[in-house]
Amino acid sequence: MRKLLIVDDEEDVRNFTANFFRKRQLDVHTASSGEEAIETLKNSKPDLVLLDICMGGISGIQTLAEIKKIDKSIKVVIVTATRPEENECYHECISLGACGYVQKPLELKELELVVMSTLQPEGTTA
Amino acid sequence: MAIDYKKALEIASKSMIRVHDPDRLIKMIVRMIVQKVKVSHANILLHDKERGTYVMTVSRGPSGLRVPNGFTRMDDANPLIRLFKEHKADLLFSDNVIIYSKGKKYLDIIANKELNQLLRDALYQMEMFDTVTCIPSYFVDELIGVFLLGKKDNGTEFDKSELDFFTALASDVAMAINNAQTFKDLQKAFHDLKNELERNKRLFISITNAMAAAIDAKDHYTHGHTTRVKEVSHLICDRLATNKTNGVDDKFREHVAIASVLHDIGKIGVPEAILNKQGPLTPDEFKVIKDHPAIGETILKSIDGLEDCLLAVKYHHERYDGSGYPIGLKGSQIPLIAAIICVADAYDAMVSDRPYRKGLPKEKAITEIVTLAGKQFHPEISAIMNDLYREGRI
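Residue numbers (my numbering), protein chains in the order written: chain A, 1043 to 1168; chain B, -18 to 375.
Okay, chain A solo, but in the shape it has when bound:
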């Protein structure tokens, strides 16, 4: 089973997206902060991390950098409330190796598509 780690400091977001992707046959884990995500990651490596960029504690960008330091092959999709063109850190995320970007409020179908296609074994690392 493909493993998804959801990192978001909002409990309702974690629970809603976890519930959503569990129904899509993913092994879903959650973390409420960057620190927790990195701890979780050390024990069990996910195939994909869905990472909220705006969190308390260490920032999403730092978390992304840490994740990539631990294992470059872990895919990371960024979730953010700002538009890519308005977000200065967008390019930073891409250069740090994020493979996708979803903007809140999001079309659920789009989130599903990004996550499921990224997790496809033959899928590209777009």
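Keep in mind the hints are simulated off the structure, nothing from the lab. As the structure is a prediction and not an experimental result, all values here were calculated from the model. Among the hints, erroneous ones may be present.
[What the hints assert, rightly or not] Cross-link-like lysine-lysine pairs, in silico, DSSO-like; alpha carbons within 30 Å at most: (1) K1146(A) with K66(B); (2) K1146(A) with K132(B); (3) K30(B) with K69(B); (4) K282(B) with K175(B).
With chain A's structure known, arrange chain B on it following the hints.
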């Protein structure tokens, strides 16, 4: 036990009238749906004008099912939104209410490929949100929002009375949101108007001050005089206002302030040689000076709304015993506004230096005002001046 939806609706609409804040109102409605009809969860998707999309705004139910506020959106191209916006839902479902189980059956029947696909995609949207019923909320023809409701706790399908209840609530919500918007627009219009009035008022005050400056420029002795008369009149009004029966309210005080600035405006029509003469005036010169209240009236009378101020301009040289000018009004015949300006004006004239004489000490000026109470000056105002002086306020 059957729920009295009619009663619930009545209660709802009563609350809606009271609540102007649409966010609060929608929260209230979602809570009511979940509690009254006992559904697993309910979400409301609302049109977001600024973003140009529909945003899941209010949600109730267990965590995991309820959609976090502002987390998801549905654009105009979203199949569910299209069904409602393009009025295709009402072709398939009675009252425009999409019922998931019914929709699934329609997929086998609908021959039109495009409509079939649209419905299929819309039903998938419902699946994603664990929704079994969608109720649109229209205002006139505009889709304001959509209710997305989860299963009933007892597992049964919604019956007619429940669906009617939702439809009624949805239309009430649209109405209320529209009302709230209208209320907001009205508030804005009111605010703009208020700002405009404020601007006009400031403009008016600036013009008034400019006119006063014109007198100051001409009459060298009165420099700063109007400002001081304004300050003293203001203090007198403070005291008079403690007595509720004399009509000294905010409006009156505003008039006093304007009148204190403009009371000598008529001096513009008095020759400078007389105004600035060093030494006492001859009887003829004094006659010319005495014209300034009438000239002031001529200058100001065409301005609407200055009627009360005009009384002060005209009568601020009247004396309580009737020996003043221009008319010789007596006692209570002299308008209060004129009596106030009269005392404040005289006090400042007494204590100010002139090239040909030094100003009186304050103590002496006050003694003079008290001595002339009931003769030259309004007795109550004279007494107030005395109090103000004793308290060190002037």
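Do the hints match the structure? See the list:
Restraint check: the Cα-Cα separation between K1146(A) and K66(B) comes to about 23 Å, which is no more than 30 Å; the hinted pair holds. Restraint check for K1146(A) and K132(B): satisfied, since their Cα atoms lie roughly 27 Å apart, inside the 30 Å limit. Between the alpha carbons of K30(B) and K69(B) the distance comes to roughly 23 Å, so the proposed pair stays at or under 30 Å and holds. This hinted pair checks out: K282(B) and K175(B) have alpha carbons roughly 26 Å apart, not beyond 30 Å.
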